[in-house]
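> Chain by chain, the residues run as shown.
Protein chains: 2
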Amino acid sequence: MSLLSKSRRLRETPFTPGVKRNGVKAYTVYNRMLLPTVFESVEADYHHLKNHVQVWDVSCERQVELWGPDASKLMKRLTPRNLDKMQDDQCYYVPVVDENGGMLNDPVAIKHSDDRWWISIADSDLLFWVKGLAIGAGLNVRVIEPDVYPLAVQGPKADDLMARVFGDEVRSIGFFRYKWMRFKDTKFIVARSGYSKQGGYEIYVENEIYAMPLWDALFDAGADLNVRAGCPNLIERVEGGLLSYGNDMTMANTPLECDLGRFCKPAENNDFIGREILEQEIANGPSREVRPITISGDAVTPPTAPWPLFKEGKQVGSVTSAAWSPDFQENIAIGMVETGSWDAGTILDIDTSNGPRQAEVKAEFWSK
Amino acid sequence: MSLLSKSRRLRETPFTPGVKRNGVKAYTVYNRMLLPTVFESVEADYHHLKNHVQVWDVSCERQVELWGPDASKLMKRLTPRNLDKMQDDQCYYVPVVDENGGMLNDPVAIKHSDDRWWISIADSDLLFWVKGLAIGAGLNVRVIEPDVYPLAVQGPKADDLMARVFGDEVRSIGFFRYKWMRFKDTKFIVARSGYSKQGGYEIYVENEIYAMPLWDALFDAGADLNVRAGCPNLIERVEGGLLSYGNDMTMANTPLECDLGRFCKPAENNDFIGREILEQEIANGPSREVRPITISGDAVTPPTAPWPLFKEGKQVGSVTSAAWSPDFQENIAIGMVETGSWDAGTILDIDTSNGPRQAEVKAEFWSK
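Going down the list, the sequences are from chains A and B.
Count along the first sequence from 1, add 26, and you get the number used in my numbering.
Count along the second sequence from 1, add 26, and you get the number used in my numbering.
There could be a bad hint or two in this list.
Identical copies carry no separate label here, and so any pair may be met within one copy or between two of them.
Cross-link-like lysine to any residue pairs, in silico, SDA-like; alpha carbons within 20 Å at most [what the hints assert, rightly or not]: (1) Lys388 with Asn108; (2) Lys102 with Gly164; (3) Lys210 with Ser139; (4) Lys51 with Gly311; (5) Lys337 with Ala389; (6) Lys388 with Thr320.
Since the hints were made in silico from the structure, they are not lab data.
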């Protein structure tokens, strides 16, 4: 780790006082906001997340709001995912691609209604793309970043904690569905979603004056549930195969390469950007794809640049995220591997920052 | 300062080995790349910059390339600055604004020719805006981020150091002009520009295999000039009134508010985005504007969020960058102040992180 100089440009969030009070040890910078990365230790945070319940400041998941008569038209230009059957209480994971089919972001779209959407973004200024498109094409829609600060509640005890604060109705929210839930004299969108495989919710906090009261309400209600502050956990997300934009995929990758082909079944009449190129790739199949990978030997230090994968001396892919899994007792990783080498069981060579190792392509990620 | 967790998403640069070897102590994250902030100390770095010569890894100034028949047409949609007389060896500081006249970035445009431009960006994904506009409007131009890693050479001895590496011709490069200069078996754009008031150059290094050889050539040639690794310096830039995008201005500010009115004199036929709103503001004047400000008392800790400025209890502006100046022996700052309170000599109250102080609006920044 290095020292990070702070400035207004790397924004704190309305939950930062809570994060600090709960002993944050390090941050990353995500959409020019501070995102905690460690509280006790990455490993201790991992065990806690899998057994209890955590409150995560994910304010850095900024929202892009599309509001106006052309909002749905614009949404459909952004993504190969078929939005035709999406209902007004649904959240969809939507790959957003450019004219080359390259990933610009992998956000969650929240449909308010046909003329109003939020897009909860990963780490790139998707606002600029959506605004630019709308203005270039002369669409009748207002595109802004609203003042919304998502707070995630994740872990096996998330339902119990949330029910204590929002009432039992919260338990009835379906996966990737949302409800408007009352808190004090306001209400928030509460969705069953989040960047872990442990279950939980994301609360879209509008108006920052409610941020710390909500934080405190969750901690007050959850003392006997062993609630703690947490954050997206590298080990847990690699076990679950949750990709990270900027780490496991960039603008140089198509959604098919990212194993997101199931979200690339566009409606016939959908003229999304990049359609021609993606249709070719759908027909022919991608030439490389994301794979779960194990790395031999003792615990590796997680990569800060891709680690090349070799087959008989020729590079056939790379690993972009890796960590030692305490539960599976091996080095687990996310990589991208070329066609001829991507079958489960294939043994490859890898250059890690801890030296050369063996890598094996796996059939499945570690947890579902 | 806090600890920063590293990952591929926060990219190192081709100069990172040099930066580490030269004792970097802290970074910021800028365009998702590591930008050094401290070598010896902010104050020691400041004195050295004003007396000697420094080599800065500013790879984070990513380039947006516009290449194709409609490149100039697209450039003119981006900015209120009149580009009609710009020559093929010029660099222009160009405010880029959205449909509300809000600043999206304050980059330097480098004109290769009418059909090819680079835009050397501040901290926002301007690529997304430019691509979105081009595609939305159906323009015939390719917009990409090329593999270019700017290296700055700044300080009063910059001319001497650069002449030793690139030959005396480098001395003839005019302010905000550039020449293609030979280095080994390649050549780079070398511009007389940079984010300090001490004079110097920016070298646009294409192809990262030349990065460390150039770094080493500069250090080998400059030992007796006391060359050191450096970085944009908070104290020096506030003395010089160099604004920082994300710190001193955001999308909520117009270029006129940022005192960039001199770059808002568009050609008659230029239909840049936001024209209508900016013309109104040019006619009426902005309601608030950037000002140099001094803060009373002993050294303040630089702000990480705006410090509000008050006049008789009513907020009339805020300070966004501040530092103690060793050369001027006072707290110097950049703020934005409303019309009625922005005259030089106006005394205001300010809430700093070191408690309440007095602030005074100054007529001019400290150095030119």
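> Now tell me if each hint is right for this structure.
For each hint, the structure was consulted:
Proximity of Lys388 to Asn108 under the C-alpha cut-off of 20 Å is found in neither arrangement, the shortest distances being 30 Å within a copy and 57 Å between copies. Taking identical chains as interchangeable, the C-alpha atoms of Lys102 and Gly164 lie at most 20 Å apart whether they share a chain (15 Å) or sit on different chains (17 Å). In this assembly of identical chains, Lys210 and Ser139 lie within 20 Å of each other by CA distance neither inside one copy nor across copies; the values are 25 Å within and 60 Å between. In this homomeric assembly, Lys51 and Gly311 never come within 20 Å of each other (Cα to Cα): the closest approach is 43 Å inside a single copy and 46 Å across copies.
Taking the shortest alpha-carbon separations for Lys337 and Ala389, only the intra-copy value of 18 Å comes in at or below 20 Å, while the best inter-copy value is 66 Å. Taking the shortest Cα distances, Lys388 and Thr320 sit within 20 Å of each other inside one copy (7 Å), while across copies they are farther apart (62 Å).
Of the numbered hints listed earlier, those contradicted by the structure are 1, 3 and 4.
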